[in-house]
Amino acid sequence: MKKIIAYFLLYIIFCMLQFFFGKYLNICGVFPNLILILVVYLGLTRGVVSAEIMGFLFGITWDVFSTDVFGIRTVIFTIIGYFTGKINKNFDKDRTLVQIVIVVLTNVVYWFIFSFIYWVIPASESSSPSFITTKGMFKILATVIMAPIVFSILDRLTLLSRGDT
Amino acid sequence: MHKTHKTRHGNLIFAVLLVFGLALIIGRSSSYVNLIKNLIYYIAYPNIATANNIFRSTVHFADNIKSMVFLYQENLAYEQKNQELEDKIRNYDIISKEYENLSKLLNLEKIKNTQSVFARIIAREPWEWYQWLIIDKGKNNNLKKELPVLVFNKKENTLCAMGKILEVYKSSSKVVLITNSIYEFPVEIKDKGINCLSEGFNSNLVKITYIPSDADVKPGDEIVVSELSSVFPKDVPVGVIKEVMEESYVDFKTATAEVYFESNVIYDVVILVPQENMRK
Chain Z
1 MKKIIAYFLL YIIFCMLQFF FGKYLNICGV FPNLILILVV YLGLTRGVVS
51 AEIMGFLFGI TWDVFSTDVF GIRTVIFTII GYFTGKINKN FDKDRTLVQI
101 VIVVLTNVVY WFIFSFIYWV IPASESSSPS FITTKGMFKI LATVIMAPIV
151 FSILDRLTLL SRGDT
Chain C
166 MHKTHKTRHG NLIFAVLLVF GLALIIGRSS SYVNLIKNLI YYIAYPNIAT
216 ANNIFRSTVH FADNIKSMVF LYQENLAYEQ KNQELEDKIR NYDIISKEYE
266 NLSKLLNLEK IKNTQSVFAR IIAREPWEWY QWLIIDKGKN NNLKKELPVL
316 VFNKKENTLC AMGKILEVYK SSSKVVLITN SIYEFPVEIK DKGINCLSEG
366 FNSNLVKITY IPSDADVKPG DEIVVSELSS VFPKDVPVGV IKEVMEESYV
416 DFKTATAEVY FESNVIYDVV ILVPQENMRK
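From first to last, the protein sequence lines are chains Z and C. At position 46 of the first sequence (counting the first as 1) the number is 46 in the working numbering, and the numbers step up by one without a gap. At position 267 of the second sequence (counting the first as 1) the number is 432 in the working numbering, and the numbers step up by one without a gap.
Looking at chain Z on its own, in the form it has when it is part of the complex:
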């Protein structure tokens, strides 16, 4: 039960950070993808099930608030959660370089699936994807820079709540 409450709180906090504070704290429209970082973190530390379920929930929530194709992020975050959960035994996830490399790779996967779905679905149906622009590149860069910080904060939170969750 405590585990579910902890995940629910994480969900609320990251939704607010991403969807609300992103509007105010962005630099020229560039704001890191904190949800992607969280899903990767959960995949590396908590395993497949937690990461894919949280990825699914974050993805569907983001889809509701965006004008992109509905379901696109639901699929992407579920896939990212699943695969990071699968590879979590193969890396030393406490190393900053590893965290950065995995976040870069997941970002690539994220934008690749995004492009693929937009390639399959006619562009006129929804808003045009922003990843092909320079802004998209800066978003990836911002996410990569923020990743070690978010990882460190989440690690500290995990240490604090150890034994409770």
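Because the hints were derived from the structure by calculation, they are not lab data. Backbone N, C-alpha and C fix where the C-beta goes; we use that ideal spot for every residue, glycine too. Please note: incorrect hints may appear among the correct ones.
[As the list claims (entries may be wrong)] Below, a sample of chain Z positions facing chain C; criterion: calculated Cβ distance under 10 Å:
hint, residue
1, Glu52
2, Ile60
3, Phe65
4, Thr74
5, Phe77
6, Thr78
7, Gly85
8, Ile87
Mind docking chain C on chain Z? Use the hints.
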């Protein structure tokens, strides 16, 4: 065994979620998907609205913190000022005692101390704007006829002459302004020691008369109350000279001066009451 079971469990959940996600993409225009979308939107929207409120109140909170810091700094400045004033009062008390003793010994007439009484303007008729006004203090506040009425001039950051009390009632008084045509009082040109007379003529200007024809008076010179005034204390600012009229066939020249008290909106005035009046 347990690990394999967990992996299978994870794979199964992944498959279900992926199928569900793909179904959402494929059926994105259908009514069922729209129903799910709207449902999640109405569940999640209050959280975003709450966050919005929190963020806005945070901005107010930051403003409050900022004003608290300013207040603290202002308070420090006032404390310092208060300390300086306390020192001055202490010195004043010592000098005052000394003065009392000396005036007793030498049989000198004592200087009357005054106390400031603040009053609010309660009536000022537009058609008699430069002539009279009524204030909300009267006999109850120890006011009496002929007491000087001053006003704070924000521009010069000092008290300046405005008029004198003409009629006193229980809780109000009528003030005749220095711009009233019936009001005349002795003034001097500041730093030049030239005595002359100020005469009102029902406008924001006063006429300065009896300026000796050889006196060096020019626009911009400041007019202050002369020592000869029986109403106002000496050196109270009155106004500034705007124009000097020189006529060669007379012994005196005339000038017009703009009064200070009209330079800002007035709500309150200060009446200087001699302390013996206050004791009654």
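Evaluated hints:
no., hint, result
1, Glu52, "holds, 5 Å"
2, Ile60, "holds, 6 Å"
3, Phe65, "holds, 7 Å"
4, Thr74, "holds, 4 Å"
5, Phe77, "holds, 9 Å"
6, Thr78, "holds, 5 Å"
7, Gly85, "holds, 7 Å"
8, Ile87, "violated, 13 Å"
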